[in-house]
Every structure is written in C-alpha cells, then in structure tokens.
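Kindly generate the complete structure, drawing on both the sequences and the hints.
Those letters in the sequence shown? Residues 16 to 564, per the numbering used here, in order.
Treat the hints with caution; some may be incorrect.
[To be verified] Distance condition first, Cα-Cα at most 30 Å in a straight line; then the derived DSSO-like pairs of lysine-lysine: (1) Lys-389 with Lys-175; (2) Lys-319 with Lys-307; (3) Lys-319 with Lys-175; (4) Lys-231 with Lys-307; (5) Lys-231 with Lys-319.
[Unchecked claim] The following label-pair restraints were derived from C-beta to C-beta distances: (6) His-264 with Gln-122: 16 to 24 Å; (7) Arg-435 with Arg-177: 39 to 47 Å; (8) Arg-235 with His-264: 32 to 40 Å; (9) Asp-250 with Gly-280: 32 to 40 Å; (10) Thr-312 with Ser-215: 30 to 38 Å; (11) His-264 with Phe-151: 36 to 44 Å; (12) Leu-310 with Thr-459: 23 to 31 Å; (13) Arg-311 with Arg-282: 53 to 61 Å; (14) Arg-258 with Ala-456: 44 to 52 Å; (15) Arg-311 with Pro-86: 27 to 35 Å.
Simulated from the structure, these hints should not be mistaken for laboratory data. Note that CB positions come from ideal geometry on N, CA and C, so glycine has one too.
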Amino acid sequence: MTTPAGSGTGFGSVSWWGLSPALDLQAESPPLDPESKADTEHRTPELDVLLLGSVDGRHLLRTLAQAALWPRRRFNFYVLENNLEAVARHMLIFSIALEEPEKMGLQERSETFMEVWGNALLRPAVAAFVRTQADFLAHLVPEPDRMAEQLPWLSLRALKFRERDALEAVLRFWACGETGPETFPMNCLWDSRLRHYLGSRYDARHGVSDWDLRMKLHDREAQVIHIREFRRWRDTGVAFELRDSSAYHVPNRTLASGRLLSHRGERVAARGYWGDIATGPFVAFGIEADDKSLLRTSNGQPVKTAGEITQHNVTELFREVAAWRRPRAAQGDPEEEQPRASGTVEPETSGASAREPFTIHFLPLDSAQALHRKSRYKGRFQLLYVACGMAHLLTPELGACVAPGGNLIVELARYLVDLRPEQLQSFSTRVGELALAAGFAPQTETRPSETFARFCKSGDPAPRSTDPALESRAPPPEVLAPPLEAMSLPHGDLTQPLEGLAPPSAPLQIPSESQGSLGEVLPPSQEALALTNSESDSKTPESDLTPRD
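The following block contains the structure:
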C-alpha cells in the first residue's frame, strides 16, 4: 500500500511539539487601555491569554523571555489541551526550564530540554532525570497546597478530580522503576508507525525523506533543516543528537499515550506512539533566530543546522527567563503585596502564586465550549490562541471569552508536509469563516502570514501592541502551534508490536474533540484528513482503560 500525498496520516492523533515558530504573545496582544491606568496604579497590569493546543509551551517560554522588553506586566496563561499527557509534558518542560541554576547548569538544562522534548530515545542520565522529576511532580499533583508552595507558577485547581488522578498516573508511569525497553518499546513502535505510513515506499524511505524535505519544507522557508538530521529523525526518532549516537537507547516515556486497540477480536488497552512522524520538532525553535548570523548561507547552503539553531535559541530563552525572574524574586513585587479589593482575589492567583510574575492554569480537557458560562472567563482574555488541530473549537461560545478589542491568532497548516497546496488553502479559508462566525474580523494592519491567521474582536478593533522603541527586538509575526490532529493508525497494523505491552495502569485519554477537527474545518472532499466516526476507541470512558483494583 502506498500512502498518497494529502492523507495526513504522518501527523498522528497526538501532538507532542509545535509545528510553527515560537511567538511573543505580548507582542500579539492589544495595548493596555490608557483609561484603565487609574485602576492599575496600585498593582501590576495583567495579561490574560487563553491557549488551545499550545502543546509544548514554546509560546509561553518566548513570551517570558521577551518580557523584559515590555512594561511590567503579570501573565495569566490559561492552557487547554486535548490529552493529559500534554499537560504532564508542560509540567515537566517548565520544571526543566525554571530549574535553579545551582541545581542544573544552563547548558545541561537546554540539552535536557531538547532531548526530552524532541527525541524518541534518551541518554541514560536524561532518562534518570525524567524519572526523578516525574516522581516529584506525581507527589505534588494530589496536594494542591504543597504544589502552590513549591511550584507557585503552576495551577491545576481547575482540573476535575478524575483528570488529576489520571495525570498523576501518567507521571507515575514516567517515574516507574522498570527501565527496560520492553516496558515501552519505542524502536519497535516507531518502525511500525513508519512502515504503515510509507507502505510500499518503506524500502525507499530515504528518498521519501529527501523529497519531503527539499520539495516541501525547504520551499516553506525551512531551508536550515539539514538532510542528515531530518533523515535520522525519520529513521530513529532522534532529532537532536548532542552526544555520540550510541548514547541514545532509553525510550522516552513522555511520548507515550494510551488507547484501546482491537486485538484478536478483543479490545485491549495499550500504550504506544501516536505522534508526528512526518515533520519533526525542528520548526518550533530551529528555523528562526534573533541572531540573523545563524541563518546566513555559504555557497547557497545554510552554515547552521536546525538542531544547532534550536540549541542556541533554547539556551538564550532559558538565560533570558532566568535573568527576568531573578531580580523580581529578590526584590519582590510591591504591587502584588498590596491586598486586592474584597472579592477580587481568585483561587488560581491567590497565596503563593503571587510570588511569581506569571501563572499557568490548566483547564479541563472538554471545557472549550463551556468557559463562557462562567463569569470569571466571559470577556476576560485579551488574546486567544488556537492551534490548527483545535480550529474546530473556534465557535461564538469560545469567542465570548475574548474581551472587546481582544485579538485572535489561529495557527495554519503551513508546515504539515502531508497536505497539498489546495488543502492548505482550503484550511486557511475555513479558518477565516470560523473566526468571522465567532465575532472576529481580520487584522488589516499586519502583513499577511502563511503561518498564522490574525483577527481582532469585531466592534472594537485594536492594533497590535508593538512598541516602536522595541520593534527591532520584537519577533517576526510568526506564531507557534501544535501539529494537526490527523488520521490515527488502523488498529491491525500495530497489534503485533504492542502485543507484549500490559494495559495502562491508569486512564490515558485521547479525547475525541481534536480528532474530528479536520472533518469540520476542511470540505467533505478532503475527508481523508479527518478521523472517521469508526475510531470510537478514543471516546471510550476512562474506566475502560484501566482495570480497577
């Protein structure tokens, strides 16, 4: 069987990394209202951002790294994902990024981040760190007060109790003492995905990799991705080889997710790899840089690879975030120390979280269409970010959560190499229709982008808040977004590789919301991009995934 172009099967049903460059969300948000100056005179102004499907936290990290270039502001990031594994990865990624320099040096942090975030196989030392950190996080999840004390930047209070239980189970699987590859045979799972995706082209997979890179990604301004690193990732899942290749042999459990499969006529729970095997994690941090010398070419060839640019960008992000947080932690926040008016303190931002200049709030998985019913969220957010895999959730109900004059950013499918140009155009057109129906109008003062679609709340359009004095340091108008949720692999093709796996020890969801996104956004003629209704296994209740003791 040959997989035709445009099938979308290479992007899987779970997103692990973004497929668009990192964005400074503050540069994309509307400016502060001068009339509200008196209200914020005695406390720090706040920026409330709602992100659907941001996946890997790259937008948040970029925003924090650039915060020193803007007037002082407190950030409230509200993150809504479609699976709890993504929430757990957010927690792990930020615990690495915000680790104290005394405990982990800058280079070690950046290298650990890159490997955990983008590699299917880890070095033993990195795998040991993941187990230790996952065990630490797993003990904090059921204890909100202790979490608020030790991780004041994180809030899980909005999650349902069953979601917290499942999240704890995900972290405990990562921290499991079983270190053998048989517990999560990534090599076998990756090769099985690749064989199913390529079909009869499997023996010519290097030629397929060359074609996808040179004729698709390079044509979409991703020329810095080198053929060797791209081919290595396609073959083994190792995108960033920072040491000798023989050092990478421990499966990266953070890329595991659970689902029910049909095996010999029965439904069995199994963990597997259902993520991207087509584009790779190079786009998020590896194709743009503030230091333009990294993007220069010699004899028509880039002098730096996407992996080298990623390492430089991540290191600089961590350095800038640490420099921004350090003086605030030492001096305190006098505005935050002043008590707020009675009745204005919310549980998510009270207590220890006030010590941090930002808070990441995780929302329930299925709450996108119900947020507007809560007064605390209705008309609250100055910026709404929607990933391409979550575009079907862009409805008038969700639009009601954006404040008048607020902005909307929708990730487009530019770097999804499996999609034809007409499919990309159709997706972009449909996004515009959904935004219009949700009460937004296109931003006319920004230059057109093939990566993101930008809108503002109708009735009170506001320009982007780019400070002319900071224009030279502001990032390009490219945003970050998660991979498109496309077709899952047919069950039969993965039954054999998963045969030795035990059922998950706790429910690991792949909610059905995102899996129907393309079917709602793209026309019926492109139904190959959408998951069919027959894939009801992802809709199975959590209790079916885990045997009760």
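Evaluated hints:
1. Lys-389 with Lys-175: Roughly 15 Å between the alpha carbons, so the hint for Lys-389 and Lys-175 holds.
2. Lys-319 with Lys-307: holds (11 Å)
3. Lys-319 with Lys-175: violated (45 Å)
4. Lys-231 with Lys-307: Measuring from Cα to Cα gives roughly 23 Å; hence the hint holds.
5. Lys-231 with Lys-319: This hinted pair holds, its Cα atoms lying about 19 Å apart.
6. His-264 with Gln-122: 16 to 24 Å: holds (22 Å)
7. Arg-435 with Arg-177: 39 to 47 Å: holds (41 Å)
8. Arg-235 with His-264: 32 to 40 Å: Given range 32 to 40 Å: holds, Cβ gap about 33 Å.
9. Asp-250 with Gly-280: 32 to 40 Å: At roughly 34 Å between Cβ atoms, Gly-280 and Asp-250 fall inside 32 to 40 Å, so the hint holds.
10. Thr-312 with Ser-215: 30 to 38 Å: The hint (30 to 38 Å, Cβ to Cβ) holds, given that Thr-312 and Ser-215 are roughly 36 Å apart.
11. His-264 with Phe-151: 36 to 44 Å: Violated, since His-264 and Phe-151 (Cβ atoms, about 25 Å apart) do not stay within the stated range.
12. Leu-310 with Thr-459: 23 to 31 Å: holds (29 Å)
13. Arg-311 with Arg-282: 53 to 61 Å: Since the Cβ atoms of Arg-311 and Arg-282 sit about 55 Å apart, the hinted range of 53 to 61 Å holds.
14. Arg-258 with Ala-456: 44 to 52 Å: For Ala-456 against Arg-258, whose Cβ atoms are near 50 Å apart, the range 44 to 52 Å holds.
15. Arg-311 with Pro-86: 27 to 35 Å: holds (34 Å)
Hint violations for this structure: numbers 3, 11, all remaining hints satisfied.
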